[in-house]
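Engineer: Got chain A; can you put chain U with the ligands on it based on the hints?
Line by line, the protein sequences give chains A and U.
Position one of the first sequence corresponds to residue 820 (the working numbering), numbered consecutively onward.
Position one of the second sequence corresponds to residue 16 (the working numbering), numbered consecutively onward.
Some hints could be false.
[To be verified] Which residues of chain U face chain A? A partial, calculated answer using Cβ under 7 Å:
1) V114
2) R117
3) R118
4) M122
5) Q126
6) V128
7) F130
8) P131
9) V144
10) L147
11) A230
[Unchecked claim] From the derived model, a few chain U residues whose C-beta atoms are all more than 12 Å from chain A:
12) N137
13) T156
14) R160
15) D222
16) L254
Bear in mind the hints are in silico, worked out from the structure with no lab data behind them.
Using N, Cα and C, we set each Cβ at its ideal position, and we do this for glycine too.
The lines below spell out each chain.
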Amino acid sequence: MIRAARPLDRLAGGALWVALAVVLLPLAGMVWLAVRHLPAVWLAPRGLWPAIRGSLSVVGVGLALAVPAGLCGGVWVAEVRQGFLARAVRLSAALLGGASGVVVGYAALFALVHGFGWGFGTAAGGLALAAVMLPQVVGATTEAVAAVPDALRDASLALGANRRTTVWRVVAPAAAPRILAGVLGAASLGIGETAALACTLGWTGVPSAAGSYLTRAVWSSVRRPESGAAALAVLLLVVLALRAAADRMGGRS
Amino acid sequence: MSPFGGAGGLGAVPAGQSAVPCFRAEDFHLFCTAGELLRGVDLVVPGGRITALIGPSGAGKSMLLRSLNRMHDRVAGLRVTGGLWFREQEIYAPDLDPVCLRRRVGMVFRQPVVFPASIFDNVAYGPRVHRLELGPAGLATRVERCLRAAGLWDEVRDVLRQPAGRLTGGQRQRLAIARALAVDPEVLLLDEPTATVDPVATARIEDALLRLRGALTVVVVTHNLAQAARISQQTVFMLEGRVVESGPTEVVFHQPRDTRTEDYLTGRFG
Ligand SMILES: Nc1ncnc2c1ncn2[C@@H]1O[C@H](COP(=O)(O)OP(=O)(O)OP(=O)(O)O)[C@@H](O)[C@H]1O
Ligand SMILES: [Mg+2]
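Isolated chain A, as found in the complex (with noise of 0.2 Å):
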């Protein structure tokens, strides 16, 4: 039998769309303004590759170091489960994942362009993505793994697979796609990162500072509102394209 909805029923169906508006309108805003502003994205005036560029190689510099560490943080994490270093592992990505852009970037400022004496640039901007990326990489991976059935890894056991191989070979595989949705997702918060690359890169106040990225290229123009929008455009395009990407790659397992 099937009853009429209740008051709170509806209102709990009410709540639902409200909650839907309030994630699909500013998304719909987003892509509109991508699409209006993506012709002057060329008609910029000193061109948006530098920006662009300066973005990727940061970005890519931060996978370059938070990959393979979150790889093997997440894996060793998820498939080790107990133990003192375990818990040290989840807390520290825990930490890492809780601090905001601008702590990244206050204290790669601090010990790296000052203390190390590296200055700004890709080096000191990279390892401070990196660790604004870390904890996604070790989040997703450890997620990713812990998912994986049981069965899988006595399946591999059974056949006289020690656990090295039974993880490497068995597990990581079955938890590629969602691993890679991770990444994928870490890359687009890379991307949309302003405070750390302020920090590292430098900002509009630092004069030395040469370092170009798409968040720089945003808030840098307001007075030039058609060069930032078409930074943020470029931005919004990449972020929604990598973000589109994870999905399709977590939806397949």
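Structural biologist: Relative to the frame of chain A, chain U with the ligands by itself:
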């Protein structure tokens, strides 16, 4: 009762294979944090034959089966007492390497498991991780032989490089059997291998097991009594963590010594 003598229809089994029992248990207990799961198992499994392990749910059949190749080493608080031997080797001896044991004693599970790889790579997994020096042609021959033995070759010969995930449940279980055979084990343990597959696949799997008899020792857990009667030469009846009765299948099925065995077989149980 001699576990070796009197089994019906065993003319094909070479006499030598019965000399040393394949598995032997003496007052074998298994404890974990949840309590005592095996409560003194006494058992002899002869080599080269099919032994059926039957009994109601929760009797400890899977527990005992997994003990035979140390598959529950990961269970929390695991502790065993008493004796359990694979031929002359004590299975829970501290110096025994479970990896070596499992290579000789393969296992197939209730739920078919395929690795996220091609059909060929699934079967080739064992030889590859053990670095068997077969060469590419030798590996292909081994894969074909095992798929044939599992009764799957004709269905997959043209799609060996396709993902194994595309196979049906019944095909997956036969793939799991082929994969287990590919490391040339001496024993195959199967935990309700036909519980999730249709009658046609069940018949194929039973045929495969019957073909393996003699070359391999097979221990199969089943709730399907007709299946136990069809394929096994030995039957072991378990109840509440103990072996109540074991012996030649014909004897256990037609002249059980224990009334509990009789009650279970006639469906009067509980
Ligand atoms: N990992 C575990 N930890 C604790 N108890 C367990 C575990 N696995 C099984 N048990 C318990 O051990 C007992 C025996 O279980 P087992 O799986 O061997 O039974 P079974 O005879 O195989 O039953 P079924 O025919 O339903 O598969 C059951 O009471 C079960 O609840
Ligand atoms: Mg069971």
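Engineer: Now tell me if each hint is right for this structure.
Structural biologist: Quick rundown of the hints versus the structure:
Nearest Cβ of chain A to the Cβ of V114/U: about 5 Å, under the 7 Å cut. The hint holds. With a least beta-carbon distance of about 4 Å to chain A, the hint placing R117/U at the interface is held under the 7 Å criterion. Because the smallest distance between the Cβ of R118/U and any Cβ of chain A comes to about 3 Å, under 7 Å, the interface hint for this residue holds. Interface hint status for M122/U: upheld, as the beta-carbon distance to the closest one in chain A is roughly 4 Å, under 7 Å.
Annotation: interface hint on Q126/U holds; nearest CB of chain A at approximately 6 Å, less than 7 Å. With a least beta-carbon distance of about 4 Å to chain A, the hint placing V128/U at the interface is held under the 7 Å criterion. Interface hint at F130/U: satisfied, since its Cβ lies 5 Å from the closest Cβ of chain A, which is below the 7 Å cut-off. Interface hint at P131/U: satisfied, since its Cβ lies 5 Å from the closest Cβ of chain A, which is below the 7 Å cut-off.
The criterion of a C-beta within 7 Å of any C-beta in chain A is met by V144/U, whose closest approach is roughly 5 Å, and the hint holds. Interface hint status for L147/U: violated, as the beta-carbon distance to the closest one in chain A is roughly 11 Å, over 7 Å. Restraint check, A230/U versus chain A: the minimum CB separation of about 18 Å is more than 7 Å; hint violated. Non-interface status of N137/U relative to chain A is broken: a Cβ of that chain comes within 12 Å, the nearest being about 10 Å off.
Every C-beta of chain A lies more than 12 Å from that of T156/U, the closest at about 19 Å, which supports listing it as non-interface. Remark: the non-interface label on R160/U is consistent with the geometry, its nearest Cβ contact in chain A lying 17 Å away (cut-off 12 Å). Its beta-carbon lying about 23 Å from the closest one in chain A, D222/U satisfies the requirement of being farther than 12 Å from that chain. The Cβ of L254/U sits about 26 Å from the closest Cβ of chain A, beyond the 12 Å cut-off, so the non-interface label holds.
Checked against the numbered hints above, the structure violates hints 10, 11 and 12; every other hint is satisfied.
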